[in-house]
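One letter stands for each residue in the lines below.
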Amino acid sequence: MLSDYIPIAIFVVVATGFAVFTLVFASLLHSEKYNKVKLEPYECGIEPITDARDRYSIRYYLVAMLFVIFDVETVFMFPWAVIFDKLLLFGLIEMVVFIFILVVGYYYAWQKGALEWA
Amino acid sequence: MGQAIAFYTLAAFILGFAVLVVSTKDTVHSVLFLVLDFLFVAALYVLLGAPFLAAIQVLVYAGGIVVLYLFVVMLVNLKRPPEAHQDPHRRTKLGFGLAVAVLLELGAIATYGMTRTGSPLVVPGTNGPLPGNTEQVGWLLYTSYLIPFEIASMLLLVAMIGAIVLAKREL
Chain X
1 MLSDYIPIAI
11 FVVVATGFAV
21 FTLVFASLLH
31 SEKYNKVKLE
41 PYECGIEPIT
51 DARDRYSIRY
61 YLVAMLFVIF
71 DVETVFMFPW
81 AVIFDKLLLF
91 GLIEMVVFIF
101 ILVVGYYYAW
111 QKGALEWA
Chain H
1 MGQAIAFYTL
11 AAFILGFAVL
21 VVSTKDTVHS
31 VLFLVLDFLF
41 VAALYVLLGA
51 PFLAAIQVLV
61 YAGGIVVLYL
71 FVVMLVNLKR
81 PPEAHQDPHR
91 RTKLGFGLAV
101 AVLLELGAIA
111 TYGMTRTGSP
121 LVVPGTNGPL
131 PGNTEQVGWL
141 LYTSYLIPFE
151 IASMLLLVAM
161 IGAIVLAKRE
171 L
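Chains X and H are the protein sequences, given in the same order.
Using the numbering used here, the letters of the first sequence correspond one by one to residues 1 to 118.
Using the numbering used here, the letters of the second sequence correspond one by one to residues 1 to 171.
Hints listed in this document are in silico derivations from the structure and should not be mistaken for laboratory results.
Some hints could be false.
Output of the computed footprint for chain X on chain H, the stretches with three or more beta carbons under 8 Å from beta carbons of chain X [to be verified]:
hint, segment
1, 9–22
2, 72–78
3, 133–144
4, 151–165
Far from chain H, by Cβ distances over 12 Å, these chain X residues were calculated [claimed, not checked]:
hint, residue
5, D4
6, F18
7, F21
8, H30
9, K33
10, Y42
11, E47
12, P48
13, L66
14, L102
15, V104
Keep in mind it's a predicted model, so treat the numbers as computed, not measured.
Each residue gets a CB set at the ideal place from its N, CA and C atoms; glycine is no exception.
Let's have the full structure, built from the sequences with the hints guiding it.
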């Protein structure tokens, strides 16, 4: 049972090991010469003018929140779908009630303009 | 034996990353350590024989909820001077009291909660137990735990409306 997960464990170990190996090996091999151009964040493109840790618009929060809510809704539909052939009409009614309550929220979000960006 | 080694290794990683989450100065790094913590908790679910819950843990917690946390962190002003972070109303004693209460509760669950033995789940009208973990979760959720499932949708609705009402003032 648990031995089914050994390939996943090997995959995780190899992926992490590769990242760590690359970083360590590169830091052992690289030259220590720096100049002003080398220390710039981009080879080409616009120079950053402020710190990245700035305050962002609350719209991102709203979009992330709505994403998580509909994400959880989809998660509930997954075990329902695999068992649907045993639940039949009863299961269908359950899910319609569940989705209807969330559609009310979706309608509210739409009406309030939470889905608009501008 | 192998299971015990796996459990204690995972538990050590979970505790270690949890300590890093609360002790790191940079809040964004703290959230990133939380991702690692969630991934190790998912591995713990696999060990407990709950692969469906493990997949959901990775998808919803490590994927979705952490993004939400990151945006919340980015909403607040992180560049205040350190003195501004010191809360004069900080209740250390209350925090300790609550921590002790949670610890006692967990101890009680660990001591008295193990007596219930699970029997294999059988769907009426079919022969034999359900094949997979996801099927078993689905069957329990949509028959015995129907009311909590429908209440969960109300909870999601409340969360959605709450977020919109909170954010709307600034839009």
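Determine which of the earlier numbered hints do not hold for this structure and return their numbers in increasing order. 1, 5, 13, 14 and 15
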